[in-house]
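Novice: One letter stands for each residue in the lines below.
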Amino acid sequence: MSQAVSAPGAPAEPGDLPETRRRRGGVVWAVLRSRPQATLGGAVIVVTILIALLAPYIAPYGPREKVGPPFAPPSSEFWLGLDDGGVDMVTLLMYGARVSLIVGFAAAAVAMLIGGTVGILAGYFGGKTDITLMRITDYFLVIPDVPLMIAIAAIWGRSLTNIIIIIGIIYWTGTARIIRAQVKSVRERVYVRRAQALGATDRRIIFRHVLPQVAPLLVANTVLTVAIAIFAETALAFLGLGDPSLISWGRLIENAFVSNAITVDAWWAIAPPGIAVAIVILGCTMVGTSIEDALNPRLRVGHLSVRRFRLRPTPKDAA
Amino acid sequence: MRGADYFLKRTVFALVTVFVAITLNFIIFRAAPGDAVTGLRCQFCTIEFKDQLREELGLDKSKWEQYVIYLESLAQGDMGRSFVTREPVLDELIDPLLNTLPMIALGTAFSIVFGILSGVVAAWRRGTFLDWGNLSFSLLFYSLPTQWLGLMLLIVFAGTLPASGISDPFLEFTDPSWWDTFVDRLEHMILPAATIGIVLYGEYALIVRSSLMETLGEDFVLTARAKGLRNWAIVWKHAFRSALLPVATLIALSLGYLVAGAILVEAVFSYPGIGLATYDAVTERDYPVLQGAFLILTLSVVFANYMADLLYFKLDPRVAE
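Sequences listed follow chains E and H, in order.
Under my numbering, the letters of the first sequence match residues 15 to 333, in that order.
Under my numbering, the letters of the second sequence match residues 368 to 688, in that order.
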């Protein structure tokens, strides 16, 4: 049905969201293809995932293999030098990508599940459900996340699963609020009303009509949460609360700090993991905000633009 | 009387949040499988010592009793004693908190001023090279792990600025004037504050930019333009003012980040604030101090949020509706 309606060249109504309304699931894909910022971000994420997957095959050395003196500087043999244990930094970075990405995506999935459920329930049912759920969300929103994370991690112990769950149960609040707001507006739309009048159950309406509408926003939010989760992992690892048996980018930064890489001026042991984190976070942010921007019609109008004076969104902006 | 109503609502919310935080604090540290003493890592602790510690902490009683006792002692300002120094936790944490506040204030002031300036410029010059450059820089700073940026600043400025601590230990032998002491403190504050400031700058600039971009699409901006006002006046007097409210909201929400930033930055620069106290408590598994630090940090954020709520009412009385 969606394909039939989105005939090419169909005139876009001002202030309308042609993409979301007519090609539901395709918004994310359309944004990834049409906005250079999103394409670049997506490419960065894909390349990082590939490196992480192929680490055992493409890494020049083993992740625990001592190949030279501690803190040997970068050379043609070791592009990014060696760490305090004489392990090749390029190898460590490739292996570190695995844990950092697993934590990022798994924790974001946990957060999406909790936040999405809370947001949809609160927005769809409204009333007391809404008030109760949003109160809880508000409390969690105010309580500072990193100290809470530290407290839980210090008590629970430092396994990978624990870290994923801890990060997931802390960063769902933003998603819940945004999804709730969107669901509240979707719920009042005519086709939802019609479905209700036809006697569709709540479950059917939520899964058939509401969820597809908020899906792009949920995806955007989850991608942004991946960035936050990777960030949180580096913070936990830096405070000595990471899984001690695993290599992650956060652990590499921590290790460089603890082993006094600074006093011997071994910048190569510190700089690369931080840059790797920044690149992935940048990629996630670019994808996430691009989708969000595409879904926000208010951003298309500008009455004070240097380039051109914009009264109405032009079809070109609508992509 | 909607102002009074709003005031009351926000006060109740702040108080309940404090209560939730206290309860959460109790649940995390007491109701978790095992207790703080089981998890205590010390080689020389005998079973007798651990039992005595349990009794001292009241861990041999039922959870509910423990909760009531916990609330009672908290009400008297008693947060228990540090495992390491055996001093009361509150005394251990007050001085560090006072050390942290000016450092954080310096960093935040820096980020707000520069974040707003560059966000406004970027939104105003939307789509130009200036916007693009601004956006890239803000995004980049926003993406850097705080502790990593701290380490990088440490490498770059190692010789020029003091790299750790809060004051020069040799200064007191030279009988310094208050001005010398002040300058010394400020010098020690610059690197940690700059680290927090730079990361927050990125975030604020992004927030201000998108908020102002939305506002520039409003009808009243069109009206202002139709009246023939200068661009400068439209941006600062009309658009920026109404864009300020979401900015204030998001700045209040980023207060939680400030706390996180303080912990990481103080660990990097050994700045003896509440963040370093938290870091030390984590590495030494000093649970009473960790618990106390979590509570104090949460209370500070709740209080700051409450202040922000009252400020919104000043900025826009409509929020009360």
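Treat the hints loosely; a few may be bogus.
[Stated by the list, open to error] Straight line, CA to CA, 25 Å or less: simulated DSS-like cross-link-like pairs of lysine-lysine:
# : chain 1 : residue 1 : chain 2 : residue 2
1 : E       : Lys-142   : H       : Lys-376
2 : H       : Lys-681   : H       : Lys-376
3 : E       : Lys-142   : E       : Lys-80
4 : E       : Lys-198   : H       : Lys-376
5 : H       : Lys-681   : H       : Lys-604
6 : H       : Lys-604   : H       : Lys-594
[As the list claims (entries may be wrong)] Selected chain H positions facing chain E (Cβ under 7 Å, derived; list incomplete):
#  : residue
7  : Val-385
8  : Ala-388
9  : Thr-390
10 : Phe-661
11 : Leu-664
In case anyone wonders, no lab produced these hints; they're calculated from the structure.
Backbone N, C-alpha and C define an ideal beta-carbon position, used for all residues, glycine too.
Novice: Indicate, hint by hint, whether the structure satisfies it.
Specialist: Hint by hint, here is what the structure shows:
1. E:Lys-142 with H:Lys-376: This hinted pair holds, its Cα atoms lying about 18 Å apart.
2. H:Lys-681 with H:Lys-376: holds, 16 Å
3. E:Lys-142 with E:Lys-80: violated, 61 Å
4. E:Lys-198 with H:Lys-376: holds, 23 Å
5. H:Lys-681 with H:Lys-604: holds, 17 Å
6. H:Lys-604 with H:Lys-594: Holds, at roughly 14 Å.
7. Val-385: This hint is violated: H:Val-385 lies away from chain E, its Cβ roughly 10 Å from the closest one there, beyond 7 Å.
8. Ala-388: At about 6 Å, which falls below the 7 Å cut-off, the nearest Cβ of chain E leaves the hint on H:Ala-388 intact, so it holds.
9. Thr-390: violated, 10 Å
10. Phe-661: Hint holds; H:Phe-661 Cβ to chain E Cβ min 5 Å, cut 7 Å.
11. Leu-664: Constraint on H:Leu-664 satisfied, holds at 5 Å.
Hints 3, 7, 9 from the list above are not met by this structure, while the remaining hints are.
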